[in-house]
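Asks: Each chain is listed here by its residues.
2 protein chains.
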Amino acid sequence: MAEQKHVVIVGAGFGGVCLAKELAKENVRITLVDRHNYHLFQPLLYQVATAVLAVPEIAYPTRAFFKHNKNVEFQLASAEGVDQERKVLLTNHGEIAYDYLVLAAGATTNFFGNESGAQNSYPMKSLQEAIALRSHLVHEFERAARVNETDDDERQRHLNFVIVGGGATGIELAGAIIELIDVFKKEYHSLDFSRVHVILLEAMGSVLPMVPPDLQQKTIDVLRKKGVDVRLNTAVTDYDGSTLSLKGGDVIPTKTVIWAAGVRAQDFIKDCGGEVDRAGRIIVEENLLVRGSDCVFAIGDCANFQHGTERPLPTVAPVATQEALQVGRNIMALIHGKKPEELGRFVYQDLGAMATIARGEAVMNGPIPVIGINMKASGFIAWTAWMFVHLMRLAGKYANFTVMMKWIWNYILGKRLARIILTKME
Amino acid sequence: MAEQKHVVIVGAGFGGVCLAKELAKENVRITLVDRHNYHLFQPLLYQVATAVLAVPEIAYPTRAFFKHNKNVEFQLASAEGVDQERKVLLTNHGEIAYDYLVLAAGATTNFFGNESGAQNSYPMKSLQEAIALRSHLVHEFERAARVNETDDDERQRHLNFVIVGGGATGIELAGAIIELIDVFKKEYHSLDFSRVHVILLEAMGSVLPMVPPDLQQKTIDVLRKKGVDVRLNTAVTDYDGSTLSLKGGDVIPTKTVIWAAGVRAQDFIKDCGGEVDRAGRIIVEENLLVRGSDCVFAIGDCANFQHGTERPLPTVAPVATQEALQVGRNIMALIHGKKPEELGRFVYQDLGAMATIARGEAVMNGPIPVIGINMKASGFIAWTAWMFVHLMRLAGKYANFTVMMKWIWNYILGKRLARIILTKME
Numbered sequence: 164m165a166e167q168k169h170v171v172i173v174g175a176g177f178g179g180v181c182l183a184k185e186l187a188k189e190n191v192r193i194t195l196v197d198r199h200n201y202h203l204f205q206p207l208l209y210q211v212a213t214a215v216l217a218v219p220e221i222a223y224p225t226r227a228f229f230k231h232n233k234n235v236e237f238q239l240a241s242a243e244g245v246d247q248e249r250k251v252l253l254t255n256h257g258e259i260a261y262d263y264l265v266l267a268a269g270a271t272t273n274f275f276g277n278e279s280g281a282q283n284s285y286p287m288k289s290l291q292e293a294i295a296l297r298s299h300l301v302h303e304f305e306r307a308a309r310v311n312e313t314d315d316d317e318r319q320r321h322l323n324f325v326i327v328g329g330g331a332t333g334i335e336l337a338g339a340i341i342e343l344i345d346v347f348k349k350e351y352h353s354l355d356f357s358r359v360h361v362i363l364l365e366a367m368g369s370v371l372p373m374v375p376p377d378l379q380q381k382t383i384d385v386l387r388k389k390g391v392d393v394r395l396n397t398a399v400t401d402y403d404g405s406t407l408s409l410k411g412g413d414v415i416p417t418k419t420v421i422w423a424a425g426v427r428a429q430d431f432i433k434d435c436g437g438e439v440d441r442a443g444r445i446i447v448e449e450n451l452l453v454r455g456s457d458c459v460f461a462i463g464d465c466a467n468f469q470h471g472t473e474r475p476l477p478t479v480a481p482v483a484t485q486e487a488l489q490v491g492r493n494i495m496a497l498i499h500g501k502k503p504e505e506l507g508r509f510v511y512q513d514l515g516a517m518a519t520i521a522r523g524e525a526v527m528n529g530p531i532p533v534i535g536i537n538m539k540a541s542g543f544i545a546w547t548a549w550m551f552v553h554l555m556r557l558a559g560k561y562a563n564f565t566v567m568m569k570w571i572w573n574y575i576l577g578k579r580l581a582r583i584i585l586t587k588m589e
Numbered sequence: 164m165a166e167q168k169h170v171v172i173v174g175a176g177f178g179g180v181c182l183a184k185e186l187a188k189e190n191v192r193i194t195l196v197d198r199h200n201y202h203l204f205q206p207l208l209y210q211v212a213t214a215v216l217a218v219p220e221i222a223y224p225t226r227a228f229f230k231h232n233k234n235v236e237f238q239l240a241s242a243e244g245v246d247q248e249r250k251v252l253l254t255n256h257g258e259i260a261y262d263y264l265v266l267a268a269g270a271t272t273n274f275f276g277n278e279s280g281a282q283n284s285y286p287m288k289s290l291q292e293a294i295a296l297r298s299h300l301v302h303e304f305e306r307a308a309r310v311n312e313t314d315d316d317e318r319q320r321h322l323n324f325v326i327v328g329g330g331a332t333g334i335e336l337a338g339a340i341i342e343l344i345d346v347f348k349k350e351y352h353s354l355d356f357s358r359v360h361v362i363l364l365e366a367m368g369s370v371l372p373m374v375p376p377d378l379q380q381k382t383i384d385v386l387r388k389k390g391v392d393v394r395l396n397t398a399v400t401d402y403d404g405s406t407l408s409l410k411g412g413d414v415i416p417t418k419t420v421i422w423a424a425g426v427r428a429q430d431f432i433k434d435c436g437g438e439v440d441r442a443g444r445i446i447v448e449e450n451l452l453v454r455g456s457d458c459v460f461a462i463g464d465c466a467n468f469q470h471g472t473e474r475p476l477p478t479v480a481p482v483a484t485q486e487a488l489q490v491g492r493n494i495m496a497l498i499h500g501k502k503p504e505e506l507g508r509f510v511y512q513d514l515g516a517m518a519t520i521a522r523g524e525a526v527m528n529g530p531i532p533v534i535g536i537n538m539k540a541s542g543f544i545a546w547t548a549w550m551f552v553h554l555m556r557l558a559g560k561y562a563n564f565t566v567m568m569k570w571i572w573n574y575i576l577g578k579r580l581a582r583i584i585l586t587k588m589e
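Residue numbers (the working numbering), protein chains in the order written: chain D, 164 to 589; chain E, 164 to 589.
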């Protein structure tokens with residue numbers, strides 16, 4: 164048996180876990196590094212933020228994936244850079260030497276240089292952020308319901324909820340918050356709910372850039388009908404934690420600004436010895452090798468792949484997992500003596516897009532799961548397809564089952580049992 | 164319709180919620196005050212700490228209990244004392260005037276003056292504490308598994324787990340941690356598990372004071388067979404966060420000391436205008452009125468009821484709920500014109516005790532639920548009874564169902580899906 168090559172993978176997201184599972188079958192040694200001990204099912208993060216799902220339903224202990232793979236070792240550490248010369252990954256717990264390295268570190272919130280927004284608003288990319296947001300949302304209603312609150316302006320600040328960004332996350336949050344408020348209506352007996360406002364701000368002329376215009380309009384219509392104040396072409400200039408200022412001079416008094424306006428790569432990606440784009444993503448060749456390297460690859464949200472397309476591939480799960488499979492094949496090809504220029508080129512197969520808006524409401528544009536026929540749909544059919552796709556992809560068989568039950572439960576009864584404030588009480 | 168009297172209840176635990184539900188049926192106005200927005204099912208807290216259950220399965224939004232009771236208002240606030248003269252409850256969000264007040268504020272961890280223990284060990288009374296403990300337990304294994312950890316003594320510190328206190332919480336934690344380690348054994352491929360030690364320290368000569376000696380011995384035997392190092396007559400003198408010192412001079416190098424050695428009342432109870440005992444509990448008369456008052460009652464863990472018994476009633480849920488029912492009747496009697504001396508006296512009906520040790524192992528001594536026949540049992544029968552009683556009492560019908568499923572799942576497959584580190588990564 165030949166000496167095992169050591170593949171180090173940074174990030175246990177969709178791309179990293181998929182790649183580690185593939186390579187686990189081969190005669191290689193794998194170290195998977197992540198700063199969290201769990202794999203996060205990002206697409207459902209907003210359901211933790213809005214008290215539909217519990218944490219263990221979307222966060223799966225990474226080690227549990229590799230119970231039966233003795234050649235996969237997990238390391239809880241934060242990557243801090245790569246020394247390509249010495250072939251080591253730098254982490255907050257020392258160096259890890261590699262033969263092949265794959266950067267699959269995902270993305271973080273992009274505030275586009277808006278300092279005040281970064282300091283005072285709620286981002287929604289990590290599990291901790293989702294829990295903080297959930298705690299805050301519920302807490303705001305408790306603050307508004309205080310019998311000793313005499314300042315009416317202050318009370319209003321607690322009842323205005325602003326979401327910045329009309330992408331999938333912004334849309335899904337807006338719809339889910341409206342439904343959360345429906346639950347609260349039954350329980351806050353002395354609160355005037357006509358004063359509760361959910362406002363969605365989008366800097367561009369429409370929402371959901373990845374679906375066709377008619378579905379964009381459909382989405383806006385559904386949200387408005389549900390009571391969301393959707394404002395297009397509305398950019399944010401400043402937020403001091405109490406008053407949100409808009410371009411043009413309008414202000415919204417609010418204690419809640421949720422920032423769902425964009426993503427960028429983690430900071431350390433720029434210290435990995437490659438060239439990065441404006442969003443901090445590292446530029447990769449067609450074979451997914453980092454430009455200039457013959458053993459460092461990058462995939463998913465932290466990679467900029469732009470070959471034969473007008474723009475870099477989008478930061479979505481299917482890109483990451485498809486890239487992971489190609490990198491797996493390419494690493495094995497290198498191990499078997501192939502040259503970098505002989506490696507297979509990555510070709511992305513677009514699986515379309517879907518977003519849920521509310522209970523029983525979603526939009527989709529792409530192939531139907533399993534069957535594969537292209538379909539543009541909205542409403543209940545799209546929602547059912549959305550549910551099906553997300554359940555299929557959820558890690559951990561047990562989670563699937565409870566999530567499905569909770570969704571049915573939530574659909575029928577509109578319950579939200581996870582409304583637990585975990586942040587420190589003031 | 165007569166003017167509604169205002170009953171203020173401090174604490175949404177077993178006693179407070181039970182009382183509010185009872186009084187909600189009457190023509191009174193109720194304000195339920197708690198510093199958390201949820202009712203916590205304390206007896207299963209250790210299952211959150213050991214990654215069996217998710218947070219929403221044992222924490223239930225308090226307002227959800229009173230959806231249909233418009234005469235019940237909830238207030239999220241920390242009680243700080245009572246001004247009996249002016250009949251107001253003092254909170255961190257201002258005063259709340261009452262006609263009748265019921266203190267049902269529960270208990271907190273008692274470190275018995277051990278300052279170093281209080282600062283460095285993990286208490287296990289609140290939900291945040293249980294989450295912090297769970298995060299820490301999992302994190303310790305990650306620390307021990309670091310490839311760059313070269314200090315062998317330091318590694319050992321991460322693998323010694325000490326529980327202080329042989330009451331129900333200590334026993335249940337010890338057993339659950341052993342089972343959690345069984346899960347880890349499959350996943351930490353390069354960790355030497357012969358170095359992992361779980362140590363239970365009890366200052367007295369036996370564990371579980373509330374069950375007969377033969378069941379105490381049975382409990383110790385089961386724990387030892389499972390691999391727990393049970394040490395009786397062993398008192399703790401000091402813990403600096405790294406080394407635990409025992410009376411007699413022995414030391415245990417460990418980063419994990421879980422403090423399950425006793426409880427006391429919340430600090431503010433002493434500022435409520437009554438007399439308190441050594442554990443800070445307020446002394447109540449036979450009718451549950453705070454000594455010297457004609458409209459302030461106290462129930463549950465924060466009350467010292469000692470009439471016709473050698474010691475104050477134990478700090479367990481059945482005492483709180485039985486007292487709640489009596490206080491409900493007594494408040495209505497006062498409203499209907501009765502004098503304090505005419506109020507009903509509280510008589511505690513002892514329901515026995517039970518504690519689970521591990522999967523399929525428990526001890527019980529008391530009446531069988533529903534049937535009511537007294538029974539002393541251990542092993543699988545006691546475990547089944549324990550499961551049944553706890554499922555019956557769990558708040559929220561939905562939680563019951565998922566908890567039962569998780570227990571079955573856990574029993575058959577030994578899975579622990581909630582192993583999520585939520586504390587900040589170092």
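The hints are simulated quantities; they were obtained by calculation from the structure and are not laboratory data.
Wrong hints could be hidden among the right ones.
Identical chains share a label here; the pair holds if one copy fits it or two copies do between them.
Unchecked claim - Using 16 Å as the maximum straight-line C-alpha spacing, the simulated EDC-like pairs for lysine to aspartate or glutamate come out as follows:
hint, residue 1, residue 2
1, Lys348, Glu303
2, Lys288, Asp315
3, Lys233, Glu350
4, Lys184, Glu350
Asks: All the hints need checking, so say for each whether the structure fits it.
Replies: Evaluated hints:
1. Lys348 with Glu303: So Lys348 and Glu303 pass the 16 Å test inside one copy only (14 Å; across, 43 Å).
2. Lys288 with Asp315: Neither: 33 Å inside a copy, 37 Å across copies.
3. Lys233 with Glu350: between (51 Å within a copy, 9 Å between copies)
4. Lys184 with Glu350: Intra 46 Å, inter 15 Å, cutoff 16 Å: inter-copy only.
Of the hints listed earlier, the one the structure fails to meet is number 2.
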